[in-house]
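One-letter residues, chain by chain:
2 protein chains.
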Amino acid sequence: MGEEYGTESGDGEYLWVLDPIDGTRAFLTGRPLFGTLIGLMHRGKPVLGIIDQPVTGERWIGVSGEATRFTSPMGGMAACRPCPSLATAELSCTSPEIFDEAGMARFERVRKAARRVTWGGDCYAYGLVALGLVDAVVEGTLKPWDWAALVPVIEGAGGRMTDWLGQPLTLESKGEVLAVGDAALLPEITALLA
Amino acid sequence: MGEEYGTESGDGEYLWVLDPIDGTRAFLTGRPLFGTLIGLMHRGKPVLGIIDQPVTGERWIGVSGEATRFTSPMGGMAACRPCPSLATAELSCTSPEIFDEAGMARFERVRKAARRVTWGGDCYAYGLVALGLVDAVVEGTLKPWDWAALVPVIEGAGGRMTDWLGQPLTLESKGEVLAVGDAALLPEITALLA
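As you go down the protein sequences, you meet chains R and U in turn. Quick note: the first sequence uses the numbering used here, first residue 1, plus one each step. Quick note: the second sequence uses the numbering used here, first residue 1, plus one each step.
The set of hints was computed from the structure by calculation and includes no laboratory data. One or more of the hints may lead you astray.
Claimed, not checked - Taking lysine-lysine pairs in the DSBU-like style, the calculated list, with each CA pair at most 35 Å apart, reads:
{"hint": "1", "chain 1": "U", "residue 1": "Lys45", "chain 2": "U", "residue 2": "Lys143"}
{"hint": "2", "chain 1": "R", "residue 1": "Lys112", "chain 2": "U", "residue 2": "Lys45"}
{"hint": "3", "chain 1": "R", "residue 1": "Lys112", "chain 2": "U", "residue 2": "Lys174"}
Stated by the list, open to error - Cβ-to-Cβ under 7 Å is the rule here; a few derived chain U residues that face chain R:
{"hint": "4", "residue": "Thr24"}
{"hint": "5", "residue": "Arg25"}
{"hint": "6", "residue": "Thr29"}
{"hint": "7", "residue": "Ile50"}
{"hint": "8", "residue": "Pro54"}
{"hint": "9", "residue": "Thr56"}
{"hint": "10", "residue": "Gly57"}
{"hint": "11", "residue": "Glu90"}
{"hint": "12", "residue": "Ser95"}
{"hint": "13", "residue": "Trp119"}
{"hint": "14", "residue": "Gly120"}
{"hint": "15", "residue": "Leu128"}
{"hint": "16", "residue": "Val134"}
Stated by the list, open to error - Across the chosen pairs, the derived CB separations fall in these ranges:
{"hint": "17", "chain 1": "U", "residue 1": "Arg43", "chain 2": "R", "residue 2": "Tyr5", "range": "57 to 65 Å"}
{"hint": "18", "chain 1": "R", "residue 1": "Tyr5", "chain 2": "U", "residue 2": "Ser72", "range": "40 to 48 Å"}
{"hint": "19", "chain 1": "U", "residue 1": "Gly6", "chain 2": "R", "residue 2": "Arg69", "range": "42 to 50 Å"}
{"hint": "20", "chain 1": "U", "residue 1": "Pro96", "chain 2": "R", "residue 2": "Ser72", "range": "24 to 32 Å"}
{"hint": "21", "chain 1": "R", "residue 1": "Arg116", "chain 2": "U", "residue 2": "Glu101", "range": "16 to 24 Å"}
We treat Cβ as the ideally placed atom computed from N, Cα and C, and that holds for glycine.
Just chain R, same shape as in the assembly (with noise of 0.2 Å):
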């Protein structure tokens, strides 16, 4: 499955899920924020996801039940940080028009609540909650190749990918994307999402 490809067969076991280029406007524009996001999933769960940045020559690996793997030429190691108040904590979002109507409403509650918000990011933000750089990203809106790969990164690093009521992604979900790099925050967001 692919932003290129449509399905091509979605009922084996596994599932590949790729997007060549995720942050297409980015790409376009020159910023080093697009990715390269080859996701797989066992039953509909992500089991294993890359995300790869070639500008910056980072690529971040997560694999289910293991340690997310980083690597960069300026060195550093994928964890996410402890961010138990959405007050202090630093939230990311790609774009105002990422939202549908409802949801643009529902998002502003959170972003008022948080202590900044930075936009602009697409699959980079992800990566950067899985190096604690970043505490919290909300999105709407995304299809399953613009998640799938950053579920394993994000959880092998320590943090949580949801959906806006905090349950799992699957390929049914409606776009709705969570991911915090510190459990503790879900409450609060989901509470305001709601």
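Chain R is fixed; fit chain U onto it per the hints.
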């Protein structure tokens, strides 16, 4: 003059205008879009500007009356691209929070008329105008150290950088800044911002 320094002596013929880290929020959250800005003004007019992005290794050097020089491990050269109509323009802006309320309403008119807006970027977005990847940046509430270094970079690549009225930026400007890669965009954008 600088964000961290205040103004040491504003009455000389030449004035250095420095911002060690433009894009503090991008820097703090790990996005390679911040930059070190070094600007020099002569009798209130920007005559030299440097944008340095240490993660990607990109550097833009603009000198009044000369072609902007760009160095990068990935190659490339500075040259704005033609884009005579806002309807086909890639617009960029760091954040909706960069405007005051009246400024936001005026910006919205430009955003709706543009082909697309990409959020985030700080000084890097102006570098992208100079590379012909972005066509316009519209921002408010900037300080001289946010824009002084950018003017020679943009203009040496064939673009224009003005206030929202299309007038040259000076130390007395309100901080409402407009950069375009193609001067033909100026009348359309300043009319929408008026």
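Verification of the supplied hints:
1. Straight-line distance between C-alpha atoms of Lys45(U) and Lys143(U) comes to about 15 Å, which keeps the hinted pair within the 35 Å bound.
2. Distance hint between Lys112(R) and Lys45(U) is unfulfilled; the C-alpha atoms sit about 39 Å from each other, more than 35 Å.
3. Of the supplied pair hints, the one linking Lys112(R) and Lys174(U) holds, its CA atoms being roughly 27 Å apart against a limit of 35 Å.
4. Against a cut-off of 7 Å between C-beta atoms, the interface hint on Thr24(U) is violated, since the closest Cβ of chain R lies about 10 Å away.
5. With its C-beta approaching chain R no nearer than about 5 Å, Arg25(U) sits inside the 7 Å limit, and its interface hint holds.
6. Of the supplied interface hints, the one on Thr29(U) holds, with its beta-carbon coming within about 5 Å of a beta-carbon of chain R, less than 7 Å.
7. Interface restraint check: Ile50(U) against chain R, minimum CB-CB distance 19 Å, threshold 7 Å, status violated.
8. For Pro54(U), the suggested interface contact is broken, since its CB lies about 10 Å from the closest CB of chain R, more than 7 Å.
9. For Thr56(U), the interface hint holds, the least distance from its beta-carbon to any beta-carbon of chain R being 6 Å, beneath 7 Å.
10. At its closest, the beta carbon of Gly57(U) sits 10 Å from a beta carbon of chain R; the interface hint therefore is violated under the 7 Å criterion.
11. Here the hint on Glu90(U) is kept, as its CB sits about 5 Å from the closest CB of chain R, short of 7 Å.
12. Satisfaction of the interface hint for Ser95(U) is found here, the shortest Cβ-Cβ separation to chain R being roughly 5 Å, below the 7 Å cut-off.
13. At about 4 Å, the closest approach between the beta carbon of Trp119(U) and any beta carbon in chain R falls short of 7 Å, and the interface hint on this residue holds.
14. Interface hint at Gly120(U): satisfied, since its Cβ lies 3 Å from the closest Cβ of chain R, which is below the 7 Å cut-off.
15. The criterion of a C-beta within 7 Å of any C-beta in chain R is met by Leu128(U), whose closest approach is roughly 5 Å, and the hint holds.
16. The closest approach between the C-beta of Val134(U) and any C-beta of chain R is roughly 5 Å, which is under the 7 Å cut-off, so the hint is satisfied.
17. The given range of 57 to 65 Å is respected by Arg43(U) and Tyr5(R), whose C-beta atoms sit roughly 59 Å from each other.
18. For Tyr5(R) and Ser72(U), the Cβ-Cβ distance of about 32 Å falls outside the hinted range of 40 to 48 Å, so the restraint is violated.
19. Separation of Gly6(U) from Arg69(R) is about 45 Å and conforms to the stated range, judged on CB atoms against 42 to 50 Å.
20. The given range of 24 to 32 Å is respected by Pro96(U) and Ser72(R), whose C-beta atoms sit roughly 31 Å from each other.
21. Taking the beta carbon of each, Arg116(R) and Glu101(U) are about 19 Å apart, inside 16 to 24 Å as hinted.
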